[in-house]
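J.: Chain by chain, the residues:
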Amino acid sequence: MTLDAPVVHNLDPATGESSAVTKPNRLSIIDGDVHTAPSKLAELAPFLPQRWLEHMQTYGSRKRHGSSYEPYPKAAPRAMRRDAWPDEGGLPGSSLQLLQKQHLDHYGVDVGVMGPLGLSGQGEINLDLSAALASAINLWQLEVMAKPEPRLKASIVVPFEDAVASVREIERLGADPHIAQVFMLTRSMEPLGSRRYWPIYEAAQAYDLPVGFHVFGAGGHPYTGAGWPSYYIEEGAGHATSCQTVVTSLVMEGVFERFPKLRTVMIEGGFGWLPALTWRLDKLLDRMRDEVPHLTRRPSEYIREHIWLTTQPMEEPEQRAHLEETMEWIGWDRLLFASDYPHWDFDDPFRAFPASISDAHKRQILTANGKAVYRLG
Amino acid sequence: MVRHVIAPAKDLPAGNRIRVMIDGKPVLVLNIKGELFALSDTCPHRGASLSGGILTGHVVSETPGEYKYSRAGEILRCPWHAWEFDVRTGRSWCDPKRMRLMQLDVKIEPGASLVEGPYKTETFPVRIEDDYIVIETT
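Each protein sequence line maps, in turn, to chains A and B. Numbering-wise (the working numbering), the first sequence opens with residue 1 and increments by one. Numbering-wise (the working numbering), the second sequence opens with residue 1 and increments by one.
One thing to keep in mind: the hints can contain errors.
[Unchecked claim] In silico lysine-lysine, DSS-like type, Cα no more than 27 angstroms apart, as pairs: (1) 74(A) <-> 68(B); (2) 101(A) <-> 25(B); (3) 33(B) <-> 68(B); (4) 63(A) <-> 101(A); (5) 147(A) <-> 74(A); (6) 97(B) <-> 68(B).
Since the hints were derived computationally from the structure, they do not count as laboratory data.
Given the sequences, and given the hints that come with them, work out the whole structure.
T.: Below is the structure:
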């Protein structure tokens, strides 16, 4: 079995069209982060009550940090791969046909877990709008994407600043076989271990669904502890710190004590920051255990048991061996491949990983860990 | 040496680009202000086809707050991770030693010089009275 070049590009000289032929005996690929999106608001109309459709048409979106969910201008229009805009118009990720051709078929992706951003209601100041849009995007994922294309799994987008509405959404959809996870964002009103979010974790555990924490979000706070930085690069670096806030809060608040079967996935924040954070938390706990007596184990133990991470956007150290060492520290059973298709900082499942990583470890990252965390048979 | 006749010259006016397969490998041919460039169409970073990338310029700064923009339209930016390549050298701006695109020798030749061969053409006849874009490989 080779992991090197499973896709052969054929260019039809007559049409200039490229097609991909997948070699037999390839690995299964579970992709933990595929961004699908309605092409426009009107596409949500069948799933959004008229009252909220008209509200969006009249007043529009108002996120907690005062802009769209993308507070920084991106390195490419709407942060998309330039080759992923559908010919028929609409956002990348809105055309199922192009998504199938350019991603699922091209790489042989067996399961892609959808993570809707944008028109998903998360971060809306108006909580009722937030809940209505979240419900609509969930039905849209199921009806427009997951049912016609079973390789795509839906996420339950929850309006997480409203735990009651979030639980209602999990109870409504949690048993649907097209659902893979509960979907939250790392930038929230309070650190995500806070008790106001616990009902969401309780419901996720009850339905045996992992909770994915995807970077971004509009919690109402600037992107750093000292305000808004100047550059998009700083936003990119800041995702790692937002993930650290989530992990630290979940552990210290005792979420994993309270919900001992909870599985969580940090999405799109990379992973290189985790070992150092874990060492620091262990050291601090050893000195100040009596401040958090509700913890019965060291932070490293909770992290090792309850937290998975998607690999994209992977750190790219000059010495690729250093990346492998970092993965070793985190655990080969805790990292899941994610492409982030169709965003510009997309990872290719066959070229993103250092060649030195063994086939057995690649198999874990590309297939086994995703199957385990999303309970994919 | 093989001459690949890839298109009639009139089919690639300034500001246009085509992607062709040469010896099984994708090649991007650019006409920038009348000058032709032929580069490997596979980004050495993660393998994207560069043909969907924009042509941009080169912005440099000697000190914060001062910017100089040059080389307008001569820097090819990958449509995925925005790696930048100089179309004149094929070299990446960030990592010029390790990341570079293979350059191919491309020129315009009159049909009269091609009728003798040897050349390879896929889908169109070569006529004496027209000019053609030709890439030579060894």
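J.: Under the criterion that the straight-line Cα-Cα distance not exceed 27 angstroms, is the pair residue 97(B), residue 68(B) satisfied?
T.: holds, 24 angstroms
J.: Check whether the Cα positions of residue 63(A) and residue 101(A) lie no farther apart than 27 angstroms.
T.: violated, 34 angstroms
J.: Given the hint that residue 74(A) pairs with residue 68(B), test it: the Cα-Cα distance must not exceed 27 angstroms.
T.: holds, 21 angstroms
J.: What's the verdict on residue 33(B) and residue 68(B), does the C-alpha distance respect the 27 angstroms limit or exceed it?
T.: Holds, at roughly 22 angstroms.
J.: Are residue 101(A) and residue 25(B) close enough, with their CA atoms no more than 27 angstroms apart?
T.: holds, 21 angstroms
J.: Within a Cα-Cα threshold of 27 angstroms, do residue 147(A) and residue 74(A) meet the stated pairing?
T.: Status violated; Cα separation ~32 angstroms.
When the structure is compared with the earlier hints, violations turn up for hints 4 and 5 and for no others.
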